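Novice: Chain by chain, the residues run as shown.
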Amino acid sequence: MKQSLKNVSLPAWNCEAHLNRTVRDMPPSGIRKFFDLVSEMEGAISLGVGEPDFVTPWHVREACIYSLESGNTHYTSNKGMPELRQAICDQVKKSSGLDYDPAEQILITTGVSEAVDLAFRATLNPGDEAIVPEPCYVAYTPDIVLAGGVARAAPTRLENEFRLQPEDVSAAITEKTRALLLSYPNNPTGAIMTRADLEELADVVVEHDLLVISDEVYAELTYSGSHVSFAQLEGMQERTVILNGLSKSHAMTGWRIGYALGDPALVGAMTKVHQYTMLCAPTMAQVAALEALQKGEEEMQQMRHEYNLRRRMFVSGLNRIGLDCFEPRGAFYAFPSVRAWGLSSETFAERLLHEQKVAVVPGNVFGTSGEGFLRCSYATSREELIEALDRIETFLSGL
Amino acid sequence: MNEILEILSENARATPAEIAALMARSEEDVAREIKELEDAGVIRKYVTLINWEKLDKSYVFAVLELKVALQRKTGYDAVAERIARFSEVESVRLISGDHDLSVTVRGNSMKEIAYFVAEKIAPLEGVQSTCTHFILKSYKEHGVILTDKPRPQRLVITP
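Just so you know, the protein sequences line up as chains A and B, in that order. Under the working numbering, think of the first position of the first sequence as 1, with each following residue one higher. Under the working numbering, think of the first position of the second sequence as 1, with each following residue one higher.
One chain only, chain A, in its complex shape:
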């Protein structure tokens, strides 16, 4: 037997040929390259981290541990624990005045990332277009493409402090446009949209009968005034799906808890996909999220306060050393311009890393309109921020 097997020559296995074409042709995230460069460098200060530097407050971790000790290890309902859905709806009512029925209008997801994916999959038909304001978080366009849709970029610009303008939305609209994505406070720019800014968009949205997918994961990190959701505008709640979670507000990135709020038909459709793919968000993380919502307000305020202190110090520091930066009013990113220094974002970032060991993310990674800018996260300690400013200043003096 052994002999005969040896003589059979099997055809070569070509795994590439078995991959889905869309997935195979999808470029890897532009962040990857920098991740590898920084990982190999000793003593680098990273301003490239898109998550809080705080550890989840102890009482939240403790609630999860206690729940595990009690044996709470089973599935929850597909939509998520009823108590958690209720707590989120209560909190949203309190902060925005919007009513959502915890039985039909909310889905707990495995991080906001899943909610973004579900929103596109549940709404786009093959060839349908969704408008994505750029620069933006790296996952929206791939998610749209994976859902069979087509992403159309609407650029945002420094002269408008990166707030989305109605004419740029109009310019991206075709007869196939079905949805508009909003992502404010914004990663990577730190821009926010005021109520007046959103109202200008509402006319375009209604005229073209668009669904609005609003990723508001940084909503609680708004430093001037309070966050306004597109759903809060008169008559806009029905056509808006709000996506949010606890990752940024409660320093719970690794727990992967997000949620979607919207029309029962849309939330129902998203729940169907969620049911067949995720089944439910991790039970232990849902328990922790409930604790964070019910008893975590004070820590959340403290963290926001600390980000705000760093924001003022860091942004004024950037301007002082010669990296022009508009005032970011949300999230935890500053988005300074490097145009005056005659280098592309990528060259600037690579040289800064090699020459002074400070890691930032070049703005073009977040879309072509991010070229000429750098994303600097101030979700890192004050000492590191001060040291990073010193090093950037030294780098600039050598240019």
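Some clues are possibly wrong.
As the list claims (entries may be wrong) - To list a few chain A residues with every Cβ distance to chain B over 10 Å, as calculated: (1) P27; (2) T73; (3) S77; (4) E238; (5) A265; (6) M278; (7) M300; (8) G342; (9) L343; (10) H354.
Unchecked claim - The following label-pair restraints were derived from C-beta to C-beta distances: (11) B/A31 with A/T368: 44 to 50 Å; (12) B/S91 with A/D90: 39 to 45 Å; (13) B/I135 with A/D99: 54 to 60 Å; (14) A/R339 with B/K54: 34 to 40 Å.
Worth flagging that the hints you see were computed from the coordinates, not collected in a lab. None of these values were measured; they are calculated from a predicted model. All C-beta atoms in this analysis are idealised placements derived from N, C-alpha and C, irrespective of residue type, glycine included.
Assemble the complex: chain A is given as a structure, and chain B must be docked to it using the hints.
Specialist: Then chain B, alone, in the frame of chain A:
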């Protein structure tokens, strides 16, 4: 709460320039307010939190619980202020519960503290009883966990 005090309570070495940058105020403004807080006695001292246990030779600390006989005119103040004068004493607090005063004491040895209590504190007029608890290990001081292990690292770059 006063934002300057919050910042200084976390880091006594924060300079007026650094605090001003954090608060988006002018350096002169912040320096003037700090001076006012110092003059008003709100800011009493800038201290360093030291983990003495990291040293080979360290101090011995004890918590004394004292029962005090109340005096008609001066209440607890007379005896508490008298105890506070000893340089061995680090803190004196009036507390609710079984005892009246809680006193922390620093010395070079257990014996030294024991003699100090026997010779200086117990005989004081008004002190009815003393109970000395030696501190064996300190886990957290002034909001800082002293036994912390290194934190897990974040990924260096994330979207």
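Novice: Grab the minimum beta-carbon distance between A/M278 and chain B and tell me whether it stays above 10 Å.
Specialist: Answer for A/M278: holds, closest chain B Cβ roughly 20 Å.
Novice: Take a look at whether the Cβ-Cβ distance between B/S91 and A/D90 falls inside 39 to 45 Å.
Specialist: 43 Å, holds
Novice: Confirm or reject: A/A265 is not an interface residue toward chain B, with every Cβ-Cβ distance exceeding 10 Å.
Specialist: Given a closest Cβ separation of 31 Å, the condition holds.
Novice: Taking the minimum C-beta separation from A/G342 to chain B, is that value above 10 Å?
Specialist: 25 Å, holds
Novice: Is it correct that the beta-carbon of A/M300 has no partner in chain B closer than or equal to 10 Å?
Specialist: 17 Å, holds
Novice: May I ask you to check that A/P27 keeps its beta-carbon over 10 Å from the closest beta-carbon of chain B?
Specialist: 14 Å, holds
Novice: Quick one: are B/A31 and A/T368 within 44 to 50 Å, going by C-beta?
Specialist: 46 Å, holds
Novice: Between B/I135 and A/D99, is the Cβ distance one that fits in 54 to 60 Å?
Specialist: Taking Cβ atoms as reference, B/I135 and A/D99 lie about 55 Å apart, which means the hint holds.
Novice: Against chain B, does A/T73 hold up as non-interface, every C-beta pair farther apart than 10 Å?
Specialist: Correct as stated: the minimum Cβ-Cβ distance to chain B is 23 Å, above 10 Å.
Novice: Given the hint of 34 to 40 Å, check if A/R339 and B/K54 actually sit that far apart at their C-beta atoms.
Specialist: Since A/R339 and B/K54 have Cβ atoms about 50 Å apart, the given range 34 to 40 Å is violated.
Novice: A/S77: least C-beta distance to chain B exceeds 10 Å?
Specialist: With a cut-off of 10 Å, A/S77 remains clear of chain B, as the shortest Cβ separation is near 30 Å.
Novice: So is A/H354 really clear of chain B, every C-beta pair being over 10 Å apart?
Specialist: 15 Å, holds
Of the numbered hints listed earlier, the single one contradicted by the structure is hint 14.
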